[in-house]
Amino acid sequence: VAVPKLNAFGRAFEANGFRFPAGQDPEMVKLPRLPIGAEGQKKVFPKAVWPTDISLPTALSAFVVLRTNITPDDPDKTWEFEYPHEIELFLADTIGDHFSHFVELAYDEGELAGDAFLQWDYKPSMHVRIGGINPQAVEFREKNRLTVKHLNYGDIAPEGSSFALLDGGAGLEVWGAMNGPGGSGGLRYRAGVTNGNGTTSDDNSAKDYFAGLEYKFLGMGQAGGPTSGGSDKPWIDNSVTLGAFYYSGKESLGSYDDTHTYLAGHVSAWVGPLNLLALYSSQTNDNPLGDGLEVKTKAWFAEADYVALPWLIPVLRYDHSTIGSAPAEQLLIPHISVLATANIKFYVEGQLRLDDAGTGADKYVAGVNWGF
Amino acid sequence: MRTLLFGSLALAFAAPVVAGDIHGKVACRGTRDCADAVVYVDTIPGKTFPPPQAHQKINQQNLVFDPHVVPVLVGTTVDFLNSDSVLHNVFSPDACAEKFNLGTWPKGQVRSYTFKKDCIATLLCMVHPEMEAFVVAVPTPYFAVIQADGSFKIADVPDGSYMVKVWHPKLKATSKPVTVAGATEAAFEIAR
Numbered sequence: 001v002a003v004p005k006l007n008a009f010g011r012a013f014e015a016n017g018f019r020f021p022a023g024q025d026p027e028m029v030k031l032p033r034l035p036i037g038a039e040g041q042k043k044v045f046p047k048a049v050w051p052t053d054i055s056l057p058t059a060l061s062a063f064v065v066l067r068t069n070i071t072p073d074d075p076d077k078t079w080e081f082e083y084p085h086e087i088e089l090f091l092a093d094t095i096g097d098h099f100s101h102f103v104e105l106a107y108d109e110g111e112l113a114g115d116a117f118l119q120w121d122y123k124p125s126m127h128v129r130i131g132g133i134n135p136q137a138v139e140f141r142e143k144n145r146l147t148v149k150h151l152n153y154g155d156i157a158p159e160g161s162s163f164a165l166l167d168g169g170a171g172l173e174v175w176g177a178m179n180g181p182g183g184s185g186g187l188r189y190r191a192g193v194t195n196g197n198g199t200t201s202d203d204n205s206a207k208d209y210f211a212g213l214e215y216k217f218l219g220m221g222q223a224g225g226p227t228s229g230g231s232d233k234p235w236i237d238n239s240v241t242l243g244a245f246y247y248s249g250k251e252s253l254g255s256y257d258d259t260h261t262y263l264a265g266h267v268s269a270w271v272g273p274l275n276l277l278a279l280y281s282s283q284t285n286d287n288p289l290g291d292g293l294e295v296k297t298k299a300w301f302a303e304a305d306y307v308a309l310p311w312l313i314p315v316l317r318y319d320h321s322t323i324g325s326a327p328a329e330q331l332l333i334p335h336i337s338v339l340a341t342a343n344i345k346f347y348v349e350g351q352l353r354l355d356d357a358g359t360g361a362d363k364y365v366a367g368v369n370w371g372f
Numbered sequence: 001m002r003t004l005l006f007g008s009l010a011l012a013f014a015a016p017v018v019a020g021d022i023h024g025k026v027a028c029r030g031t032r033d034c035a036d037a038v039v040y041v042d043t044i045p046g047k048t049f050p051p052p053q054a055h056q057k058i059n060q061q062n063l064v065f066d067p068h069v070v071p072v073l074v075g076t077t078v079d080f081l082n083s084d085s086v087l088h089n090v091f092s093p094d095a096c097a098e099k100f101n102l103g104t105w106p107k108g109q110v111r112s113y114t115f116k117k118d119c120i121a122t123l124l125c126m127v128h129p130e131m132e133a134f135v136v137a138v139p140t141p142y143f144a145v146i147q148a149d150g151s152f153k154i155a156d157v158p159d160g161s162y163m164v165k166v167w168h169p170k171l172k173a174t175s176k177p178v179t180v181a182g183a184t185e186a187a188f189e190i191a192r
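Chains A and B, in that order, are what the protein sequence lines are. The first sequence: position 4 = 4 (our numbering), numbered continuously. The second sequence: position 29 = 29 (our numbering), numbered continuously.
Please keep in mind that the hints were generated in silico from the structure rather than gathered at the bench. A couple of the hints might just be wrong.
To be verified - If you want the ones that stay clear, here's a sample from chain B, every Cβ over 12 Å from chain A, calculated:
(1) 23
(2) 61
(3) 67
(4) 79
(5) 87
(6) 104
(7) 106
(8) 114
(9) 116
(10) 121
(11) 129
(12) 145
(13) 191
Unchecked claim - Once the Cα atoms are required to be at most 20 Å apart in a straight line, the calculated SDA-like pairs of lysine to any residue come out as:
(14) B:172 with A:27
(15) A:123 with B:191
(16) B:170 with A:20
(17) B:172 with A:23
(18) B:99 with A:46
(19) A:47 with B:172
(20) A:42 with B:172
(21) B:170 with A:45
For clarity, every value in this text was computed on a predicted model and none was experimentally measured. All C-beta atoms, glycine included, are put in the ideal place defined by N, C-alpha and C.
Produce the complete structure using the sequences and hints provided.
Pasting the structure below:
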């Protein structure tokens, strides 16, 4: 749709292990690949190394985020240039017929970080990923949002806990997608295990577990199909997707542990150029402050993304988050993305607090992202 | 006059069966193009063809087999020349080519193998695992390598009905009957 939000084809491309659906990669890929071993060596296996191939040159890309942050009511700083907010380098490729990989090196808010995964792509309905994974709702992943503001359910924690679902983590996951009847819609699932504390080393022996499932009605098949003439509006994919996910893990907080569990349901509907999204998450922390008291957190949001023109996408989101018995935090997020080219995106966003506690905490962001 | 008449009759009876050709296009789905595909007439019942005396040649130069795909009549001997300054080997993992292994030899030397059966023989080099070629040994002398754009022409095919096959290294082979009457057009489609 607009970087980084994927349209239905982008999701199907991902579901095929970053390959064109229906085995169309060989005729679609323009640059010939470098074989590492001839195809015929497969006949010699196990008396030879199984052949593979890589792209040449290796696909290297970069993504840069510059932001201007405006906080009118902040007594210390009403505005700043955050140039850069983030610089990322990506290496991503398929490796032979059944592997793919992704490597990310990021300079993010003054810190260097890395992430990588290797993925075995048995078929669209079965991938196994090892490395940095994203144990979030199948449909609503942080990395694919249009807004600057994170999705609330992944960025909220009660006092005492430092765990945020959006951080992802090191681990293993199995996921896949398959088309529904007639080749449209279909199922997508994801399940796995992670350290549970981002990409840092684990702080305990306990692992976090997650599972997510979604079903899409109508629209392009989750695993895609043979491409034909294509549409002049490739973002349109009239469909409804319903899903749910579960996440459970343990965080060690000094002398005590806190177990956090999430249960969430979500819906996404495309009607012409309009994408409506909503998610409700119920989170429980059994001991975030070490006093044995459980804290429940409810977070939900509703968002509308409207592709007015291929280069002009206004977004409006409402976030509602409640931690324990505290008053809800309410946020209205108007956003507009303007693509100068397919790889240069300007945007303006407001993050407007509607709750009393948020008085004076409004924030505005103007920025530009580009990739190459 | 009588001599001329008998002479003409004799020529008429001795003339070969009228030969045409099979030409047309192959649509290759699932690859960038049709390069390396082979089209050939399959076994003709009751007909055998003596293998050619001349050897087919495949050169190993700049770490590639040249040509990459070679269709031959069954019984043809193929000579493998090493034109590189490094050692080369040629072997086939395919049973129809007796899983032959010609050993390893230096620049300028030739080793040969006779393809005795119908066979799609993958040729590999043990020294250079990225090297690959194919010998497509077919039962008739009516064959052609298909152009990258899918066009082909098998010349000098006698009129008659035949089973015509298309093979590609990465796509599923296909076949269909073709009746040749002079210049005959045929179209094929192959896919993964």
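Least C-beta distance between residue 145 of chain B and chain A, which was stated to exceed 12 Å: Given that every Cβ of chain A is farther than 12 Å from that of residue 145 of chain B, nearest at about 18 Å, it holds.
Given the hinted pair residue 42 of chain A and residue 172 of chain B, is their Cα-Cα distance within 20 Å? Holds: residue 42 of chain A and residue 172 of chain B sit about 17 Å apart, inside 20 Å.
Classify the label on residue 129 of chain B as holds or violated, using whether its beta-carbon is more than 12 Å from each beta-carbon of chain A. 5 Å, violated
Take a quick look at residue 79 of chain B and tell me if its Cβ sits farther than 12 Å from every Cβ on chain A, holds or violated. 20 Å, holds
Residue 170 of chain B and residue 45 of chain A: Cα distance at most 20 Å? 18 Å, holds
Agreement of residue 123 of chain A and residue 191 of chain B with the hint, judged by alpha carbon distance not exceeding 20 Å: 19 Å, holds
For residue 191 of chain B, is the shortest beta carbon distance to chain A beyond 12 Å? 9 Å, violated
Please work out if residue 99 of chain B and residue 46 of chain A have their alpha carbons no farther apart than 20 Å. The given pair, whose Cα atoms are some 15 Å apart, holds under the 20 Å limit.
Checking the smallest CB distance to chain A, is residue 106 of chain B really beyond 12 Å? 22 Å, holds
For residue 116 of chain B, is the shortest CB-to-CB distance to chain A above 12 Å, so the non-interface label stands? 19 Å, holds
Please settle this one: residue 104 of chain B was flagged as non-interface, so is its CB more than 12 Å from every CB on chain A? 16 Å, holds
Would you check the hint for residue 47 of chain A and residue 172 of chain B, treating anything up to 20 Å between C-alpha atoms as holding? At roughly 26 Å apart (the allowed maximum being 20 Å), residue 172 of chain B and residue 47 of chain A break the hint.
The structure is inconsistent with the numbered hints 10, 11, 13 and 19, although it conforms to all the rest.
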